[in-house]
Amino acid sequence: MTTGAGLSPLEGQIRQWRAYLRRRRAINGPDVEELETHLRDQVSVLTQAGLADDEAFLVAVKRMGSLDALSREFAREHSERLWKQLVIAPDGDTPLATVTRTETLVVFALAVAAALAIKTPALFGLQIDDNAAEPFYARNASFFVLPFLTGYFVWKRRMDPRHWLWLAVPFVAAALVVNTFPFTRGSNTEALTALHLPIALGLVVGVAYVGGRWFHGGGRMDFVRFLGELFIYYVLIALGGGVFTAFTMMMFAAIAVRADWLAAGWLIPCGAMGAVLVGSWLVEAKQSVIENMAPVLTRLFTPLFTIVLLVFLATMAWTGRPIDIQRNVLIAFDLLLVLVLGLVVYSASARDPEAPPNLFDGLQLLLIVSALVVDAVALAAIASRISEFGFTPNRVAALGENLILLVNLAWSAWLYATFLRGRTPFRALEAWQTAYLPVYSIWAALVVVLFPPLFAYA
Amino acid sequence: MDLGKDLVAASATPLVLAILAEGESYGYAIIRRVRELSDGHLNWTDGMLYPVLHRLERQRLVASKWGSSESGRRRKYYRLTKDGRRALEAERKRWQTVDQTLHRIWMKACQV
Numbered sequence: 001m002t003t004g005a006g007l008s009p010l011e012g013q014i015r016q017w018r019a020y021l022r023r024r025r026a027i028n029g030p031d032v033e034e035l036e037t038h039l040r041d042q043v044s045v046l047t048q049a050g051l052a053d054d055e056a057f058l059v060a061v062k063r064m065g066s067l068d069a070l071s072r073e074f075a076r077e078h079s080e081r082l083w084k085q086l087v088i089a090p091d092g093d094t095p096l097a098t099v100t101r102t103e104t105l106v107v108f109a110l111a112v113a114a115a116l117a118i119k120t121p122a123l124f125g126l127q128i129d130d131n132a133a134e135p136f137y138a139r140n141a142s143f144f145v146l147p148f149l150t151g152y153f154v155w156k157r158r159m160d161p162r163h164w165l166w167l168a169v170p171f172v173a174a175a176l177v178v179n180t181f182p183f184t185r186g187s188n189t190e191a192l193t194a195l196h197l198p199i200a201l202g203l204v205v206g207v208a209y210v211g212g213r214w215f216h217g218g219g220r221m222d223f224v225r226f227l228g229e230l231f232i233y234y235v236l237i238a239l240g241g242g243v244f245t246a247f248t249m250m251m252f253a254a255i256a257v258r259a260d261w262l263a264a265g266w267l268i269p270c271g272a273m274g275a276v277l278v279g280s281w282l283v284e285a286k287q288s289v290i291e292n293m294a295p296v297l298t299r300l301f302t303p304l305f306t307i308v309l310l311v312f313l314a315t316m317a318w319t320g321r322p323i324d325i326q327r328n329v330l331i332a333f334d335l336l337l338v339l340v341l342g343l344v345v346y347s348a349s350a351r352d353p354e355a356p357p358n359l360f361d362g363l364q365l366l367l368i369v370s371a372l373v374v375d376a377v378a379l380a381a382i383a384s385r386i387s388e389f390g391f392t393p394n395r396v397a398a399l400g401e402n403l404i405l406l407v408n409l410a411w412s413a414w415l416y417a418t419f420l421r422g423r424t425p426f427r428a429l430e431a432w433q434t435a436y437l438p439v440y441s442i443w444a445a446l447v448v449v450l451f452p453p454l455f456a457y458a
Numbered sequence: 001m002d003l004g005k006d007l008v009a010a011s012a013t014p015l016v017l018a019i020l021a022e023g024e025s026y027g028y029a030i031i032r033r034v035r036e037l038s039d040g041h042l043n044w045t046d047g048m049l050y051p052v053l054h055r056l057e058r059q060r061l062v063a064s065k066w067g068s069s070e071s072g073r074r075r076k077y078y079r080l081t082k083d084g085r086r087a088l089e090a091e092r093k094r095w096q097t098v099d100q101t102l103h104r105i106w107m108k109a110c111q112v
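Residue numbers (the working numbering), protein chains in the order written: chain A, 1 to 458; chain B, 1 to 112.
It is possible that part of the hints are untrue.
Stated by the list, open to error - Subject to a maximum C-alpha distance of 25 Å in a straight line, what follows is the list of computed DSS-like cross-link-like pairs (lysine-lysine): (1) B:Lys82 with B:Lys93; (2) A:Lys62 with B:Lys108; (3) B:Lys76 with B:Lys93; (4) B:Lys65 with B:Lys76; (5) B:Lys93 with A:Lys62.
Claimed, not checked - Now the stretches of chain B that chain A is said to cover, found in silico as 3 or more residues with beta-carbon under 8 Å: (6) 40 to 49; (7) 66 to 80.
Stated by the list, open to error - Estimated spans, in silico, between C-beta atoms of each pair: (8) B:Arg74 with A:Ala19: 14 to 20 Å; (9) B:Trp66 with A:Val112: 33 to 39 Å; (10) B:Arg79 with A:Trp261: 20 to 26 Å.
Honestly, the hints are just simulated from the structure, not real lab data.
Don't be surprised by glycine CBs; every beta carbon is placed ideally from N, CA and C.
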């Protein structure tokens, strides 16, 4: 053979050509290999005929035909390849395939481990479908799945053992805190703890997700994207799981065997835990395969929510009706802000930061401002009656969250406004959102750790 | 001589089938055989052969398997199937009809 081993210029050229070919969706791994062997045959015949390596390469590539024409022909024959398939094992590239096979096994093992973890307390007499054990499961839900998810990313990102030991610390500390606090049965602080712990520990998952490099590069935004996609995948898997459970129940009901215990005690809890890992793995695997869904939903719903908020404000102004202050009204407005924040974050996650301001950015600003006005009206209504209601743990938590979201959105609105006038780059908004991520977790951690003692575990 | 896209495309199937009827072969060798048989007049863009081979494989006229080349690289070998042999026979009849028809009219033109 005339083609030298190692990285001769010819090898480099062939490698580059192969990389261009691989990018074509209609041409898959084995096809690339077949074409490459062809190219090498041609090159070696030409060099034997006396051409220099690079001349032979140029002629061979020319004879192969332009990449566009080639991929068009392949697409005509293999139209199915144009549908982006979620292929877990990328075909052709052997080393890559073995890595994904290992990953499949690791994820499967972790998912099974998470499913078993939620069944372990049952060994100690705490049945999951038992009402008395409900607070225990609510408080500890994070521990059945998040350590495994963190473990997956630690493994995937090949983190240093010294780093991942630090990641274990928050889990151990949180487990000690929530299980040693002397909560009153059915207390508000216990419910708040159960609700806020996953948010607090989410930061640990995030640190593992970015491979310990929280402050470097765009890792945090990737984590945000990951969460959005995971949510969508989780909902889809849950839908499938629902159908599966319904069928299981139906079939056993047909032969008059009760399967409720199977569904409530095993299928649903184990599935709910395992699905987090399987969903995360799918998001990791598909990154480059399928269009991200969360930004698409954002695009669809941003205009709708903007219209609803504006109409709501107009109606309120027109009719002069005050907001009816019910017990849970603060939580409702918190959720509104969370939703608006989600729309802002996910549209930012999919936006090309270099692109100039467009109509959609204006719409985002309108959405934020209208949400802020609605929230301000609600807060004013609540503030006037807060002394009357008193400071319960739920109300303080809801108020704190409202404040955190309000600060974020107000500054986002300011950044959007200056961006629209061309004063700041879009990256400023992105940086603001990613820098703000730990705030949610820190607040959640405060609620978990400080609220129960502050409010006497009530 | 420029044969035109349509004629090249139409003749691809019978040519590939006929070459594979001579025995198992692979892409680069098929291209070389085509050049040789046509005295260099049929100059296919090399890459275009593969979608044709893949189509014939989908139609089960040819079958493929991976082997290795002299240099040890993986190479895909194609051979004719029974269906392929039948299809080749049908193609031969079709092309002979076209050939005969054209031949007759051209002979007549020569005689005039």
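Going through the earlier hints one by one, which of them does the structure break, listed in rising order?
2, 3, 5, 10
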